[in-house]
Structure formats: structure tokens, C-alpha cells
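Chemist: Protein chains in written order, with this note's numbering: chain A, 1 to 371; chain B, 1001 to 1853.
No lab work stands behind these hints: they were computed from the structure. From a predicted model like this one, the values you see are computed outputs, not experimental measurements. The reader is advised that the hints may include incorrect statements.
Restraint-style ranges between C-beta atoms, simulated for each label pair [said to hold, decoys possible]: (1) A:245 - B:1122: 42 to 48 Å; (2) B:1122 - A:219: 46 to 52 Å; (3) B:1230 - A:33: 21 to 27 Å; (4) B:1173 - A:27: 55 to 61 Å; (5) A:24 - B:1040: 16 to 22 Å; (6) B:1113 - A:53: 50 to 56 Å; (7) B:1264 - A:73: 32 to 38 Å; (8) A:288 - B:1113: 25 to 31 Å; (9) A:21 - B:1303: 19 to 25 Å; (10) B:1230 - A:34: 19 to 25 Å; (11) A:244 - B:1122: 46 to 52 Å; (12) B:1121 - A:219: 48 to 54 Å.
Where a beta carbon is used, it is the ideal one built from N, C-alpha and C, also for glycine.
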Amino acid sequence: MKLNSHERLRRRFIAFALLQAALICLAIFLSINYFGSAIWERRDAIGLILASSREAPGWPRDMAQGLQRTCDEHGYNLYIEDGVKSDDSSLDQITEKLVKKGVKKIFLANPGYQQNLEMIARKYPQVDFYANSVGETVSNRMYNYSVRYYEVRYLAGILAGIHSQTGIVGYMAPFPALETRRDLNAFALGVQKVRPDARILVQWTGQWISTDKENKALYLLKHAGADVITYFAASQHPAQEAAALGLDYIDFHGSGRTLPPHCLGAIETDWQAVYGKLLHTSVKRSASRVYWQGILDQVITLRLSPDLTPQEEALVLRARQELLMGYPVFSGKIYDKDGNIRCQEGTVIANNSLREKMDWLVKGVEIIEAR
Amino acid sequence: MKQDNTINADKRMLDFTLHLLGRFLIFFAILLVIGLALQSKMNDSLNREVEKFSTHQGDMLSIVYHNLLQAEIAGMTKTASLITAGKLTPADGVMAMDGQGVQGGLLDINGQSILGVSLPGEARLQCARTLQGEPCWRYYKGLGLVGMVPVYEGQNIRYILCKLHTSSGLQDSSSPFHFSAQRHDEKALLYDKDTQQVMVPFENYPQSDFYEPAQDAPLGVDKLLDKLENSDEAAIFDPEISNGYVIYAAPIPDTNFVAIGYREWRTVVTGITNIHLIVLWVFGLLVVLFCVFILYAFTNQVAAEESTALREARDEALRANQAKSEFLANMSHEIRTPLNAILGMNEMIMRESSGKLKKYAFNVKSAGETLLSIINDILDFSKIEAGNMEIVPVRYSLSSVLNDVYNMVSYKAGQKGLAFHMEVDPNIPDALYGDEVRLRQVVVNILNNAVKYTPKGSVTFTVNGHGDMQSDVLELEFITQDTGIGIREEDKEKLFSKFQRLDLEKNRNIEGTGLGLAITVRLTEMMAGTIAVDSVYGQGSTFTIRLPQTIEKNDPIGDFNARVEAALQEEENYRESFTAPQAHILVVDDNDMNLTVVESLLEKTRINIHTAHSGKECLRLIQNNHYDIIFLDHMMPEMDGLETLSRAKALTTSQCQASPFIALTANAVAGVKEMFLAKGFHDYLSKPVDGKTLERMVQKYLPPEKINAPAAAEKDATAPPLPDASPEPAAYQIDLPTALKYCGGNTELQKKFLAMFVSRREAVVNQLENDLQTGNIANYTTHVHALKSTSLSIGGIHLSECAKALEMAGHAYCDGPAEEQGQQLQYIREHHPEAISLYQALADEAQKRFGIE
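Using the sequences and the hints, build the whole thing.
Modeler: Dropping the structure here:
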């Protein structure tokens, strides 16, 4: 009896000792395995600063979602700050907040931040800033990125030129600037390519976003005889208004395709690809500080409506194919409104001119002054 | 049986070893696993570090290639600007670029060749890129590396200038991109992601280990490109891919090219491997330490288990010993009760009988007493073993103890025909504090032993004291020297162990349990004393016992022999029996025999004895009768002695409220007396009761008025006949019978004593006078005390009494109240001359009667 209890005690002791040993072993093993691994597995953080809500339809949402997907794919943490105004010190505060979170690259979605950014970028030399612009002011503290929308505008012009019954196409844009002129010129070249006699009416609204002025501009364009329009605006409102006015239109935002039957096509930007390429490029070592991606990089396209005629579709696709093969939009003989020749046959307008010096409009563009 | 044990022990040893080995192996395996995990983790970390380091190498490589490409572009741009400015015709520009492995060319904006080299159709895309403003490089399979720059015409671009590095030219070591093979431990090549071709290989690339013919690709390129998908640089160290080499890669900015390098792992990590080795070495040391620790822990555990087993065994043994002690105690009680009866009845027989029968009875008594002493020994020893023996220190008189010792031993020695000498240092203080009973037991045991083992010759008992007056501690030294058989040297160690008897062959006639010395040693140790033995075999032994005792009062014991005599005298006086016909006593015992013994022993005193068989009966009797003494047995059925006593005391109708109760018990263990006294008994009498002790006890507790002098006839019968019975003239100072008594009836000795006494007169008188004159009454008291005893021993009763009175006065002077001191001193001064004159008279008489000068 006594021996039994002793034996039992002994067995219990052994079992306990083995269990203890196993636990200690496991603990040591786990601690060895996981100790210091955090250093290797730390993820870099990316920041995105938006002027409007990240849920706003159009650019902001497309950019935010595209960057989010890119970050997911490449294993970055993304912090999105939306509703950041460009005209006060909020950009500075937001940047500081992001830097404190360990953000190494900050993408700015709106061109309007350019001015403040210069100073902020100097404050945080360890952070890469990516401004959404290819304008003149290029600081060595930051990188510029944008998309060659003019290539798709050219396609849109071709589509508008074929589709127009009246031979008058409308173009609504905020105000004359590098980007807007470049896009307008490409659009005009597209229209003239398929319909050399077509009139291209331009209405400046004077605002990036203004529902009233946009409504008014569209109304004027309609009454000037335009039956196909396209626009340059920060919101998708003009597309809705155009549809309401019974105008066919080519949407500047990707989600425009969901509004048949008036939508002929929509400019679609693959922000995931845009950001993917930016993140993948080692900017510090690159000679270039400007990332201006276009149809050759397959980040933009003109998504066509399924309701187009085969002819329209074929023409647009052929033109797109040419662009993909390397055809430059601004090539061949180009006159401006004043009759000056801007490009000779057999030459191409250089990239720098496109980026920084397009202060003219193509011949055939008519600007409607608001009365 | 023994073999069985050996097998068992072997099996246990084997079991234990296997156990230890098994556990050790388990722990070792755990450590090994941990070590391997650590090793792999460290290798992993190291490789990661190597890879990280190598990514920088890749970075550098990429920068170098990038710079080379940039330089090429810069040269071409210069040519283009010259063409733009019209300083150079396009044809000359193209011609200028031609060289070994290099061809120039001019294209229009649609990629159509105008001058020089002609490119394939897909080169148009490169043109488009160039037109978009990026200086552009492309590799065409089978053709080579083409770089393009735009040729401006104003704001616009007119031509595209291109430069082709042919494949064969690139492979040649004279190519500007060919800079590898400069270091033997590093190889670099340029790879195009689009065509998946190696553009610029290093020397002997197709023959090297880094070429994979199956894929026609550099070693590990797939993995590198996978890694480059998510990062700027990549490096791989994977023994599965390339043993001993780190592969690293970095993309060339603004192109689709990748620079790939191979470098020996060893050259990258030269210093780090040392750290690696150090860590492994330290871990190894730790493992060794850990192993030692584990072994130590195991040993400890085993020891703990063993000690548990030992503890269990010890507890078992203690329980057994306890049971044995209890058994012995019970048995002794059971034996003592009938033995009491036997001895009591035997006492009766001895009184009533004569002749042969008396001799037989005497033998019975002797055997009974031996048996009793054996039982006592066993009892004592069992008590010591059980830890129940306690040392109970009390105040006692050392002389009284020595007196008892003398009485007990001298009798036995005398019976054996041995001379017993006792020498007591007269300066030892008499009043001591210690366990008198045990001290006596120790001394008597040793002396009895000496007597027992000494066939002829003498036993000398010496008592010395080594005191320290300050601390009141006296170390008593008892030396027992005999001329006995002695102890063999080899037996000395066994001497004090229990139940051990030495030299059995020689001592087979000597009775004993072998417990005596063991008890003595234990008791000595309990009293913080020591015992030592010194013996020469065949010549005798000397036992020396040293016991520390506390001094109660610093009066010296004085001339012990004289005291012995005095005590003997007292005994003698006491021996005179008594009668008490008016006295009534009650004896309560459940055993008829015991009752009869007591009745018989007290028969001659003519005391009225009532008996009771139980406590109940006792309680009934004390309500009806008055008894002067009640003897109450301890162990009785139903109601024991203690309970009976407490009931009796609580009984209001009792007529014996004031009567002394005396416990009567066979339980003679140490501490019993105190127990009984504490319970309310007046005294305690241990069974078997001997007549003398019983009588003394009765005499002590009977009211004095009920005690009559013994009947004359009886006194004659009991008083020892004196050698010279003639009546003394009242005028004589020297009482001859007294003197003879102190000298054992030896006239010669008496005369010798007397002569000595007379001769010392002058000295003594001078001393006393001196003391008195100097006022040293304490010394005077001591000296007059000595005079008291010595004068008594030579029969000077008057002088002794006078000295005694002076001594009393001296004591009163020294210890009494201050106001009486003058009175006492007055008495001493008045009576001192009386003592001197008595001394003088005694000396004169000695001269007259015994002719002593």
C-alpha cells in the first residue's frame, strides 16, 4: 500500500517534470524563433492626402482604392488622410501626423498642394513626397507624377468627331492652364483627325468645382449646337447634367460608364498600376523626378460604351492601337489659333514643351465667352 | 537471504543509473533541440544580415551600371545637340559613334531608319518613349543594346539618334560595360528583364557555375526577380542555389535592366562568423554547465528520496522503541505489584522464622531485591529512551547524598570482604542545587559496578570539588578506583552501550542487565556532566565522573567521616521503634496481599489499622471514622488513587479533612513523587514497602502525642549492645559509649582520636580566641562548628553542646537581624570561656582516665 502511493507519487513527479521540461522547451524554442523577427517583418508605411472625402466619386475614390490595392499587394501600410484643405496650415499638421506614424512616402492627390509642399518637403528630408502634377515647379525634394490624359483626350476627340451629328462638339473646362490646354488641344486634334471641318466649342467655367457654372456652361454649349461634349472637372456632376440635357458625352471619370445611353465612353485610370509603378521605382536613384505615365504604360484607357456603332468603335480602337505602337499625339503639322505653325511635318513636340510650355490652342478651337 | 539482498541492491543500483541516464538524456535532447533551433535561427539571422549587406553591393553595382549608361547617353546627347545646332551633319554624327562593337544610327520620329544601323520594328516603341522625353535603353535579342536620344529642332524633335552595342561587342571584355572580373571573389552581369537575356556577362560566364544551361539564364535569377517585385534591391544566400556564394541584384534606374552579382559568402561575413563561433562556444559551455547542474539536481533529488526513506525508517524505529518503552513500563508495573507481595510476605517470614527457614527467606529477599533493582534499571532506561526522563533540580545536601551512598556501598563491599574508602574534600560546599536523586543513582551505579567487578582488594571513592566562587558553579568530581578485573582496551568503546556486558567468560557469575553504565552515562550527559574511564586490564579501573552543580550556600561539608558517624548515630536513635495504640490508619489497596503486608509490618506498633479494597470503600470509611494517616494505592480498578483523593478532599462529611494522604504505588518512575505531591498527596511510598521506611513514614505523620516510647523490652531487643555498658559518672566529660560508637567500638581508635583531639586543643583555642578578638564571627562560627563535631566524635557531649550553642549564636549573628547582633555577640563572649574551660576539663580528664598527654 505504502509502496503503491510512493510509486504513484513518483510517477506524478516524473509526469510533472516532463511536462515542465516540454513547456520550457517550447517557450525557449518559440522565443528563439520569434525574437528579433519583428525587425525583418516591419512594413513600410505610405500616406495619401486627399482634398475631398475618400468616398467621393471620381478621382479621390479611384485614387484611394487604387493605392490601397497597391499597398495590399506590395505589403505596405496605408494611412489615408482626407478632407485636407490646401489653403491653410492643415497640410503641415497632417504631414507631421503621418511622419510620426512612420510614413516614408506621402502621395498628394490634388495639384493644389504644390505651394505649401515645397516648405514641408524641406522639413522632412527623409520622406518622399509625390505631388500629383507635372507642372513647372519641380523641387528636388519631391517627385511629380501624373497621367498623360491628353492621349485619351485624343481618342475621345476621335470618338466625339465621328459621333457628332451636328459637327459641333463641346468642351467644358475650368480655366486655361497647362493641363487644360494640353487636353483640349489633344481633343481637338482627335476631332479634326476624323472630321477636319468640325467645330470645337470651349466653355471655361472659371472654377474647379461649381455646379451652377457647370450647368450654365453645358446649357450654353447645347444651345450653341454642340451635341457631343466632354469636360475637365474635379467632379462627375457635368456628366450627369449633360445626360439630363440630352447631350451625349464622354466622361472624364471612370464611373461615367454606368450612365447609358448618353455616355459614349469614359476615361479610365488604373491608379493601382500608376501607384504600383511609383512604389516600385527607386526614386532616389532615378535621374528623372517626373513620372508621367500614359497609354504606353497601360495606366489609362478610354473605356467605350457597348452601344457604339461598329464604325465608331473600330476607328477609336485603331487610333488607340496606333498610340500603343508609338504614335505621338502632338506630331505632324499643327497650327495654333493664331495661325502659327507649332509643329512641322515629321517632327514631334518635345516632352518638355508639352509639360511646361503649352500656352497655345490648336487651330479650330472656338472659345465661347460667357455673356 | 544475503544473496537476495545483494541482487536487490544491484537491481536498485541499475534502476537508479538507468533512471538518471534516461532523465539526463531527455534533458540533453531538449538542450540539443534548443541548440539546433538557436543555430538555425542564428544562421538565418546571419544570412539575412549577409543578404542585407549584399543588397548594398547590388545597389553599388546598379549605380555603376547606371552611371555607365548615363555616360553613354550624355555622349549621345552631346552629338545630338551638335546636330541640332547644325555643327555636325547627321551622317557625321552617326559615323562618329561607330566603333568596335558599336554602331550609330539615325531614325525618324516613326522609328524608320534614315542613316546607319537599322533596327527591328519593335524599336518603334523605344522611339515613342524617347519622344516622351526619357533617355531610353533597350536590348534586342540577337542584336544588342540600343540607346536612343532625341535630336531637337527648336521646341520639337526631328530625329532620334541611336547607338547599338552589338551582342558580340558586349561580350568582349573591351566593352565599356564590362568591368567585372576585376575582383576574383565577385562576379557581375547585366540582365534584361524584357528579353530575359544576359546582356553583359562576365568573363567565362557560360563555363562558370553561375550559368544554368537548362534555362539559359544566370543562377537564381528567378528568385531574385521575384524578390525585386517588392523591393528595390534583392539578395539571396541559399545553399540550395549556390553553395558559398551570395547572389544579389538591383534594377538599373530608368531601364528594364537588372545588375546581378555573385560574391563569396566567406568574404562578406569574415568578422561575423567569429561572433557566430563565439555564440556557439558559449552555448556549448552553457550546455555543459546545465548538464552539471542537472546531474547535481538529480543527485540532490536522490539524496532527498533516500533521506525520506531514512526518515520513515527512523520514525518506524522510534515507534517501535516507543512501543518497547511502553511495554517495559507496563510490564514493570505488572511485575512490581506481585513482587511487592512476595517481598512483603517474605519480610513477615523473616520476622517470624528462625534458623534455616530464615536463611531461605533471606535468600528470597536478596533475590527479590536484585530483581527489583533490575526492573528499576529497565524502567529508568526505557524512560530515558522515551525521553521521559527529566532532570529535576532541587536543593539538597551533598553530605546526605554521600551518606546514603556510603551506607549502600559500604554494606555491599563489606559483605564481599572489600575495603571501602571514602575521601571527601572537606572544602566542598554542602548545600547544592541539582538533581539529587539522579546524582545519587549515578554515583551508586558506578560504585556498585566497582564492587561487583572487584573480587578482592578495595574500592576507593574520592569526592573533589572544583568550584568557581564567582559563578556559583561547582564541578563535582567523583573518582571511583577499584582493584578489580579491569577492562580490556578494545572493550572500552563498548563499555557504555546498552545491554553490553564485557568479558562474559570471566563475569558469567555476575548478575546484571548490562544497563547500569548505559543509564549512568545517559544520566551524566543529561546533567551536563562527563564520564571517563581509565583501566588496566587485570589491575583495576578508575571511573571519573564530573558533574556541574550550583552552589546554594557556601558552607563547607567539613570532615565527612565525622558526619557519617553523626548520621549513623541519628539512624541508630531512630531505629528505636515506637508504639501508638491510640493511632488509627487506613490502608487502601485492591490487592489483599499488599494490605496484609502493611498490616504485618506495622503490627508491632500496635496501631489500629483499617483496610479498604477500593476507593469507594475508602470514601465510605472516612465518613464514619477518623484516621490519622491514610495510605492510598494509586492503581486501583474503577476509581484510582488520584480520583479517590480528589473526592475525599471534596467530601464535606469526611472526618479526615486534615489527615495526611500518602500515595502507595508500585510506580517508582522518576517524577512520580512530584506528581503525587502536586495532586495533593502529602507523601509517597514506593512498593515494595520495607518495614523501616514505612515505620519512619508513620512516625513522621502521626500526631506526636499519640506516639509512645517503645516498650522497654523491645528497646532492649533492638538497641545495639555497647561495648562498655557501665553507667557513666555524670561528672565525666567524655561519654565513652558515644566515643566508641563513632569509632565502631574500637577502643584503640577511640584513644587515638582522643589523643589527636587533645593535642589540637591549643591550636583550636588560639584560633577561636583570635577570631573573637578580630571580631570575625563568621570564621568563629565555622571553627566552633568543627569543634562541635569533633568533640562529639570523641564523646565530649557537653563540650559539643556548648559549641553547638555558640555556633547557633554565631549563625544568628551572621544571618540574623542587625538589632539582635549585639545580643548574640554578648552571648558568645559570655559563653566562650565556658567552652574553653570545658575543653580544658576534657583534656584533663583524658589525661586522668586514658593517660593521654
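Chemist: If a hint holds in the structure, say so; if it doesn't, say that too.
Modeler: Hint-by-hint comparison with the structure:
1. A:245 - B:1122: 42 to 48 Å: holds, 46 Å
2. B:1122 - A:219: 46 to 52 Å: holds, 49 Å
3. B:1230 - A:33: 21 to 27 Å: Holds - the Cβ-Cβ distance for residue 1230 (chain B) and residue 33 (chain A), about 23 Å, lies within 21 to 27 Å.
4. B:1173 - A:27: 55 to 61 Å: Holds: the Cβ-Cβ distance is about 58 Å, inside 55 to 61 Å.
5. A:24 - B:1040: 16 to 22 Å: Holds, since residue 24 (chain A) and residue 1040 (chain B) (Cβ atoms, about 19 Å apart) stay within the stated range.
6. B:1113 - A:53: 50 to 56 Å: holds, 53 Å
7. B:1264 - A:73: 32 to 38 Å: About 35 Å separates the Cβ atoms of residue 1264 (chain B) and residue 73 (chain A), which means 32 to 38 Å holds.
8. A:288 - B:1113: 25 to 31 Å: Holds, since residue 288 (chain A) and residue 1113 (chain B) (Cβ atoms, about 27 Å apart) stay within the stated range.
9. A:21 - B:1303: 19 to 25 Å: holds, 21 Å
10. B:1230 - A:34: 19 to 25 Å: holds, 22 Å
11. A:244 - B:1122: 46 to 52 Å: The hinted range 46 to 52 Å holds for residue 244 (chain A) and residue 1122 (chain B), with Cβ atoms some 47 Å apart.
12. B:1121 - A:219: 48 to 54 Å: holds, 49 Å
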